[in-house]
Amino acid sequence: MKNEPRMIEVRKNVLKANDVIAHALRDRFRAAGVFVVSLVSSPGSGKTAFLEKTLTLLRQNYSVAALVGDLATENDAVRLARSQAPVKQIVTGTVCHLEAAMVEKALADWDLDQLDFLFVENVGNLVCPSSYDLGENLRIVLMSVTEGEDKPLKYPTIFNSADAGVITKIDLAKVVEFDESAALANIQAVRPGMLVFTVSAKTGLGTENFLDYLRSRRAVSQENAIA
Amino acid sequence: MHELSIAMSIVEMAEEEAARQGGHVSAVHLKLGALSGVVKEALLSSYEMACEGTCLAGSHLIVEEIPIVMFCAPCNAQRAISSAQWFCCPECGSPSSDIVQGKELEVVALEILGEDVDDALPSRAVSEIAPCEMVGQKMIDLESRK
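First to last, the sequence lines map onto chains A and B.
According to the working numbering, the first sequence is numbered sequentially starting from 383.
According to the working numbering, the second sequence is numbered sequentially starting from 806.
In isolation and in its complexed conformation, chain B is listed as follows:
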């Protein structure tokens, strides 16, 4: 059960982006691959918990489930497979572990309400943005280790 820590990472990312853009996040769009190792239902309930007390509270997580696609060499084509238990081409039956798609765990977009902080939020809510900027700082620190 690592969905809660995944959900917290999603919230951190969205907070960072919201701090940069200004405004209030109403929804987060996520691509979730069938081979990502993350369970959608567990992630959705974890997301609600992770949002509590942050500026994403009340926002929605919109999950796009991404099926597994493998490359079949004999067919020289990409094939979607319906089960992670059977990595064989649905057309010719050849096995393949050349995975083209299905490992995604990616925040693709945010829906943001309001033009900028001063404009969109009542003045008392501006203070709530501060912790989000701090989270943003932490993320930048991690990235500077590259």
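Only chain A is shown next, with the shape it has when bound in the complex:
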């Protein structure tokens, strides 16, 4: 019966190769005691400005660094370097998201033991990054007030895959008639219970609440690592 196909059971996660590297990265981060935060959002939502503000404030008391993914330019790394924190650009070429192997390669010559926080800014894209584990402790999804309140409903998968949300450019809320309660309700619809911070990188509004959150999550992760 050579013309009858045999059924062979496989049961393998398609992203296994990525997940294996992500798990190894997570072990390495834990061993080094560095807390890793990734940022995802659409292009232009203010990830880089928000990260620059975060790095500038955190580095007063912590050792911080950042990796930043971009399709073509190194502009974001140049901007982030103004924070005085070590920054490395990952130019992805035509790839629309970061993968664990890219993070691993970028960190190959870094001494992670020296770091308290490492930030990984993904390529601006609300679709593809949701599928790829980068070994991070926290994934933060950002949306700006200029994008419209229904962003979470349009991209539920990425909001669902994130640990916390940040609404950026809140200083522009009035001008663009942003309905904050509608946006918050939409986030809760796709990710019930998600913590959301409302911030302005320009005025600094709300950034301290976000930093408190990062500090407390880092403390919890360190306790767990010891226990």
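Every clue listed holds true.
Derived pair list, reagent style DSSO-like, types lysine-lysine, alpha-carbon separation capped at 30 Å:
1. A/584 to A/536
2. B/845 to A/536
3. B/845 to A/394
4. A/398 to B/836
Simulated from the structure, these hints should not be mistaken for laboratory data.
Got chain A; can you put chain B on it based on the hints?
Below, chain B without anything else, positioned relative to chain A:
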């Protein structure tokens, strides 16, 4: 649009398995969760492209779509939800982000024609198996990083 790289991973996995089993892959069965971040239609057209020039050329990708299932604590039950825009229990209305199912992106099975390489394929086609074994080697290298 990351479906092409996903499709290429599927093809690599199937090639590796086919090299181990011997024979020709006629179909790949995939579980695709509604929260996997992968679009079925884009994946199907990418799959055809990814198969070109490999020993999977002409094979079919058979996708089983997996709905989202959440755990509802007040009901103490698993509930399927029909929309990724509304994570609330369809029975009691309670919100929940405890997801039990829906993130799958998994090759579950292959349909393989032929008992083994020598038996099933004409002799000139055996050389076509070689690249597949090399792909298999690469996958093993990745796994050894564990």
